[in-house]
Amino acid sequence: MKLRYFAWVRERVGKAEEDVEVPGGIVTVGDLMTWLASRGEEYAYAFANPKVIRAAIDKTHVKPQAAIASASEIAFFPPMTGG
Amino acid sequence: MKLRYFAWVRERVGKAEEDVEVPGGIVTVGDLMTWLASRGEEYAYAFANPKVIRAAIDKTHVKPQAAIASASEIAFFPPMTGG
Amino acid sequence: MTATSTVRIQSEPFDAAAEARKLSGGRTDVGALVTFTGICRGNEGAEPIAALTLEHYPGMAEAEIERHVAEAISRWPLIGVTVIHRHGRIVPGDDIMMVATASSHREAAFAAAEFLMDYLKTRAPFWKQVEKPDGKVWVQAKAADDAAAGRWAAPGKHEAAE
Amino acid sequence: MTATSTVRIQSEPFDAAAEARKLSGGRTDVGALVTFTGICRGNEGAEPIAALTLEHYPGMAEAEIERHVAEAISRWPLIGVTVIHRHGRIVPGDDIMMVATASSHREAAFAAAEFLMDYLKTRAPFWKQVEKPDGKVWVQAKAADDAAAGRWAAPGKHEAAE
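Protein chains in written order, with the working numbering: chain A, 1 to 83; chain B, 1001 to 1083; chain C, 2001 to 2162; chain D, 3001 to 3162.
Where hints are given, some of them may not hold.
Some chain C residues judged to face chain B by a derived CB distance under 8 Å, without partners named [said to hold, decoys possible]:
1. 2120
2. 2126
3. 2127
Think of the hints as simulated: they come from the structure by calculation, not from any bench. In this text the structure is predicted, and so the values were computed from the model without any measurement. Glycine is no exception: its CB is placed at the ideal position from the N, C-alpha and C atoms.
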């Protein structure tokens, strides 16, 4: 599964994207954030407050409850500030 | 007192402006419209439905109840359609 | 805040984009620029029109627009406002009028532009006559425009005429 | 009604006036043209900024904007819509983005432009970073922008994320 990070999530994780093998039992986007936070100091920092992080599955906004089973690309980023 | 007419009020009266001596007893803009309507066929036509005619005293919108005593210029016109 | 304002009534065409740009050019406090351009359409209802002619009340038209521009500046944090309204004969595709508003933030720029448009439609002494195939016809005022202007009425505020 | 729509995301500057004019040029059914231009300010809050850098999510940014343009076209009688949003480094005074809407009547043009701006601010995947004297800072999302976007929610309509 491809993960992408933007803005300060990208800066904290230290990379813009990566391919990961997600272990069994990780069902939702929220589960994925909890698991990512356990992967090391930089992830713990990036996902310290998952409530403020937004997610998209295959380039569509989703809620933390969304299932990741059929996802090929999941992105994490702060609230948008364009316009 | 100078009277000015615009749009279809002007067309019906047949002139853009005129100076009139307003007889005593004509106190309000509404009174003035009633008196004007009595001045001939073209005025009767122009002021047949005073409810749809707007008025301005010295270039400021006024209601039919407005007193004309201190006016130097009174204008009559249909509802505005600019913009 | 002191806002710059420009109000012009003229028979000549104008360059809406250039006029709007004057509000933001050479400064870095404008974050939002809203431009409304009113354009002469080629039809009125279902009927084609050859042109429209705008009559206005000289002196009063400028005063009314300037009064509403001043009110917009007092209501919203604006940096600049421009209103230009043509009179005379205008053919389809040509610009009739424009409103441009500049502010640090978009909410003020949008609100002020809509406020000014609603008031121009219902309070500025201009009258449109259109040339239809069967003759010249005065455009009727629309109840929807009065309703739109009504939404800006400040509580306790008194207008001289509705 | 079929409306024309243009969505572009680019690092290059654009000519907002020329882009807006494409919506009304060569036709006589456009009566109202609204152009919003978002401009890079020289300050963020009370602090001066040297520039801002816009990061975006390629592919998703276009898709989100196109989805909202389609929704605007389904909600209001529009003739044309153009949205252009830059990414990369932008200095104060330069344009960041634009929305232009063309319709026969002003209400639709204004409403659609405001709707698109509110959604762009809160749903399009762009992130602003500003260069302040003491370093680069990510711009915080504003609760006021979420509230502004919320006013367009259709009853019974479900958004994938808030």
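Cross-check of the supplied hints:
1. The beta carbon of residue 2120 (chain C) comes within 4 Å of a beta carbon in chain B, closer than 8 Å, and the hint placing it at the interface holds.
2. This hint holds: residue 2126 (chain C) has a C-beta 3 Å from the nearest C-beta of chain B, less than the 8 Å allowed.
3. For residue 2127 (chain C), the interface hint holds, since its Cβ comes within 8 Å of a Cβ in chain B; the closest pair sits about 4 Å apart.
Checked against the numbered hints given earlier, the structure satisfies every one of them.
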